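Following the hints, put chain B with the ligands in place on chain A, whose structure we already have.
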Amino acid sequence: MPPLDLTAAAVMLAALVGYAVLGGADFGAGVWDLLARGPRAARQREVIEQAIAPIWEANHVWLILVVVVLFTAFPPAFGAIMTALHIPVTIMLVGIVLRGASFVFRAYDSREDHVQQRWGRVFAISSTITPIMLGTIIAGISSGDIELEDGYVMSGWFNSWLGVFPLAVGGFTLVLFAYVAAIFLTVETFDEPDLQEDFRRRGLLAAIALGAFALLVALLAGDHAPQIREELFRSWWSWPLQIATGVAAIGALAGLYLRHFFLARTLAVAQVALILVGWGASMSPYLVVDDVRYDDAAAPDITLKLMLGALAVGSLILFPSLYYLYRIFKGRQAFALIDLPGIDDAGPGGADEPPTRT
Amino acid sequence: MSDLLAARLQMAMSLGFHIIFASVGIAMPLLMVISEGLWLRTGDETYLKLARRWAKGTAILFAVGAVSGTVLSFELGLLWPRFMGWAGGLIGMPFSLEGFAFFTEAIFLGVYLYGWDRVGRIAHWVAGWLVAISGTLSGIFVVMANAWMNQPAGFDLVDGQPENIDPMAAMFNDAAFHQTLHMTIAAFLATSFAVAAIHTALLRRHPGSAFHRKAIGIALTVGVITAVIQPISGDISARFVAENQPAKLAALEAHWETAEGAALTIGGIPDADSRTTRFGIQIPRALSLLAHHDPNAEVTGLDQIPEGEWPPVAIVHIAFQIMVGIGFLLMGVGIWGALLYWRRRAVPEHPWFQWALMLCGPLGFVAVEAGWTVTEVGRQPWIIFQVMRTEEALTQVPNLIVPLISFTVLYILLSIATAWLLYRQVVIEPREEETGGEFLPRRRHATA
Ligand code: HDD
Ligand code: HEM
Ligand code: HEM
Numbered sequence: 001m002p003p004l005d006l007t008a009a010a011v012m013l014a015a016l017v018g019y020a021v022l023g024g025a026d027f028g029a030g031v032w033d034l035l036a037r038g039p040r041a042a043r044q045r046e047v048i049e050q051a052i053a054p055i056w057e058a059n060h061v062w063l064i065l066v067v068v069v070l071f072t073a074f075p076p077a078f079g080a081i082m083t084a085l086h087i088p089v090t091i092m093l094v095g096i097v098l099r100g101a102s103f104v105f106r107a108y109d110s111r112e113d114h115v116q117q118r119w120g121r122v123f124a125i126s127s128t129i130t131p132i133m134l135g136t137i138i139a140g141i142s143s144g145d146i147e148l149e150d151g152y153v154m155s156g157w158f159n160s161w162l163g164v165f166p167l168a169v170g171g172f173t174l175v176l177f178a179y180v181a182a183i184f185l186t187v188e189t190f191d192e193p194d195l196q197e198d199f200r201r202r203g204l205l206a207a208i209a210l211g212a213f214a215l216l217v218a219l220l221a222g223d224h225a226p227q228i229r230e231e232l233f234r235s236w237w238s239w240p241l242q243i244a245t246g247v248a249a250i251g252a253l254a255g256l257y258l259r260h261f262f263l264a265r266t267l268a269v270a271q272v273a274l275i276l277v278g279w280g281a282s283m284s285p286y287l288v289v290d291d292v293r294y295d296d297a298a299a300p301d302i303t304l305k306l307m308l309g310a311l312a313v314g315s316l317i318l319f320p321s322l323y324y325l326y327r328i329f330k331g332r333q334a335f336a337l338i339d340l341p342g343i344d345d346a347g348p349g350g351a352d353e354p355p356t357r358t
Numbered sequence: 001m002s003d004l005l006a007a008r009l010q011m012a013m014s015l016g017f018h019i020i021f022a023s024v025g026i027a028m029p030l031l032m033v034i035s036e037g038l039w040l041r042t043g044d045e046t047y048l049k050l051a052r053r054w055a056k057g058t059a060i061l062f063a064v065g066a067v068s069g070t071v072l073s074f075e076l077g078l079l080w081p082r083f084m085g086w087a088g089g090l091i092g093m094p095f096s097l098e099g100f101a102f103f104t105e106a107i108f109l110g111v112y113l114y115g116w117d118r119v120g121r122i123a124h125w126v127a128g129w130l131v132a133i134s135g136t137l138s139g140i141f142v143v144m145a146n147a148w149m150n151q152p153a154g155f156d157l158v159d160g161q162p163e164n165i166d167p168m169a170a171m172f173n174d175a176a177f178h179q180t181l182h183m184t185i186a187a188f189l190a191t192s193f194a195v196a197a198i199h200t201a202l203l204r205r206h207p208g209s210a211f212h213r214k215a216i217g218i219a220l221t222v223g224v225i226t227a228v229i230q231p232i233s234g235d236i237s238a239r240f241v242a243e244n245q246p247a248k249l250a251a252l253e254a255h256w257e258t259a260e261g262a263a264l265t266i267g268g269i270p271d272a273d274s275r276t277t278r279f280g281i282q283i284p285r286a287l288s289l290l291a292h293h294d295p296n297a298e299v300t301g302l303d304q305i306p307e308g309e310w311p312p313v314a315i316v317h318i319a320f321q322i323m324v325g326i327g328f329l330l331m332g333v334g335i336w337g338a339l340l341y342w343r344r345r346a347v348p349e350h351p352w353f354q355w356a357l358m359l360c361g362p363l364g365f366v367a368v369e370a371g372w373t374v375t376e377v378g379r380q381p382w383i384i385f386q387v388m389r390t391e392e393a394l395t396q397v398p399n400l401i402v403p404l405i406s407f408t409v410l411y412i413l414l415s416i417a418t419a420w421l422l423y424r425q426v427v428i429e430p431r432e433e434e435t436g437g438e439f440l441p442r443r444r445h446a447t448a
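Chains as they are written, first to last, in the working numbering: chain A, 1 to 358; chain B, 1 to 448.
This is chain A alone, in the form it adopts within the complex (with noise of 0.2 Å):
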């Protein structure tokens, strides 16, 4: 049984993870939608439409359950981060109120263009500003820039995450998410060669983006960063790790060049998940690097037994609803990994696809 304080750790960056492929692809997505371009661009809103609404809300309770396991199970970290990042987090909080409030008022408003593309700007633009700030929070836990003395900042309120660093983590973050939902419109769209080939041509230019500014944080993250570049030189287990995430990064960008879009959905998932579970790897034992340890900052064992055990029950329900969820909604091919023959015969929802309405 692993420390208890180690588990609500680990449970926090699955949650993170969570949110940063599900909940990131909707961001993503939204970035497609400021971009729309083309004779197709009408089309390309749509999708992006009928493919986030349904579940954009759960896929947004993934940011729930990462603060509230951040306050429950490391209340002064939670403190912390909040006080020294106050000001980033604010907007990002604004992005996201902007972000989901839009994307309703345009589904509910007037169909009439000028209407929709009010909604439209504001729910494309929250969508590019949200991942950007997140990304800078992240840095700015990591950088070790944020100092601390008794619980008080001393570093003050711009300078951990108002850098190039923290701002090349956020657009790393921003085509990440980006890049992610590209891969998973083009699963979207199979019935739509044309649109698929748009999302796919997307797709293609975003991992260059990527591949950008993965080499930008990488190079900066030396005078940067330096625990997590440090970690991830030192680490045993940093090797096999990294070289996982090259491959999963390569077999996505193939996958997606070759058309094979379930593995490369697949791929970059993985991908998603094994950046983070580095970056997290190479946090600890901090929260917010030199300041906070997980394990100092960790509550009584009480609190994390009652909690994790509580996840643990609660998860029961969960999962089987989310599949419950994405089943119905995005049929068959919501769990394909990789691409059968006759997977994509039937639309979202197989048979159960509703009428058209024209």
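What the simulated footprint calls covered on chain A by chain B, stretch by stretch (three residues with Cβ under 8 Å from a Cβ of chain B suffice, anywhere in the stretch; the number is not a length):
#, stretch
1, 72-82
2, 100-110
3, 152-164
4, 292-305
The hints are simulated quantities; they were obtained by calculation from the structure and are not laboratory data.
It should be emphasised that the depicted structure is a prediction, and the values quoted were computed from it without experimental measurement.
A virtual CB, placed ideally from N, CA and C, is assigned to each residue, including glycine.
For chain B with the ligands alone, kept in the frame of chain A given last:
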């Protein structure tokens, strides 16, 4: 403006905003599953249309509720990091459970709103029930956390720190029962009166509409039941507060001097400097009777409380008068409606009653806001009753006026947009025939 005041206002504003959407999110699913259940049982399509139309409005309100709730989860740390650092491990339990309730709620809401054509009828109805149950549970969990702030439990205070903590005891603190009961009823009460009022207004525009009559029938049934029990539940709350939080009780009753057989002050404007209440109506012995169910009981007054620990008396007293006044008004209107129904066996359409109902539409929500003002402002100066003062919990981040203004502007804009969209859904485009409560953009082709 001091940072403390800015933070308190931001918290109050965010909570006051969220609670409206949260109340709707708790109660609307129940109204929808009742209507859908009636459709399943009677086969009357009007009930199906009704459930679908309600689902449309709920989808909008629910999204705003979800995002504003997210803001709150972070705000606990953004504004009160020392409170959360101190108490997170103690009250994390209800919040963790709440997280799962949110998951279930959001998942089955997706199924409910967008799955009309994708799952079987019964499965769809069950999904609705799951939304209703998990919505109610999420409200209950978070109010349990709040009850702990009013009645802290489950720890020993050692050198200002919590030791020997027991999160289960914290969760099931003594205030949890009456607060969750009163709040849950309040959500159903406020929402069902608002729904009944809206459909009454629409019925007057479209006389004879079976659609609106059925809507009023369902909403009013829930409204009448909850309106009658809410004052009883309020009495349970008041007696608990009288026993355990004397400063709050004294403030909400504007009770300055400790006395046996204390008089009840209705209305009036309390003045803390002169320790008097102007223009109030006094009812002898009534306060002792209400607070302790004994006309001669002693009721602690503010004179027993050090002035430094007084909550703002005027705000709390006036808010309490508003809540109780509305409580009895809604109860009266509810009983009137029930009597009218009894006589005719039909949804009451007496014009006076209709006007009364329409005027009561927003009042349930006013009472919710007033009630929370009583609870929260009445707890001041404590953030954790008699353990931590609100100012000790405050973040060290300066210039809190900036986020206060930002969120205020944001929420005002959101309120306007939401109100406009609901108005549009209900009044401008009330195409009853063309239902489609689910909005899932179909795979239309660009030319469509
Ligand atoms: C529809 C809304 C509504 C209505 C009609 C009433 N209340 Fe209420 N009241 C609430 C909605 C509410 C609330 C917003 O839900 C509160 C805030 C915190 C809570 O648990 O419930 C509340 C709190 C609250 C408290 C403070 C509890 C505490 O701090 O622990 C008391 C003493 C009462 N109520 C008493 C009453 C009485 C005697 C009523 C008689 C008619 C009444 N309420 C009607
Ligand atoms: C500090 C106080 C509160 C916090 C931190 C909080 C947090 C949240 C969060 C994070 C959500 C979004 C869940 C999602 O994404 O689906 C939410 C929604 C919700 N909250 Fe709150 N909340 C608070 C107060 C309340 C209160 C007092 C109630 C009711 C009594 C309540 C009831 C609900 C309900 C029913 C929802 C579901 C969404 C909806 O119906 O609009 N919350 N809340
Ligand atoms: C949604 C319904 C609620 C409303 C309308 C509400 C209202 C308010 C108001 C008016 C204040 C400001 C009091 C003052 O400073 O004078 C406040 C403060 C606060 N409330 Fe609530 N409250 C609600 C529920 C909750 C819940 C469920 C929690 C926590 C679990 C909570 C936690 C707090 C905190 C931490 C503060 C700031 C500290 C303080 O002023 O004591 N509230 N709330």
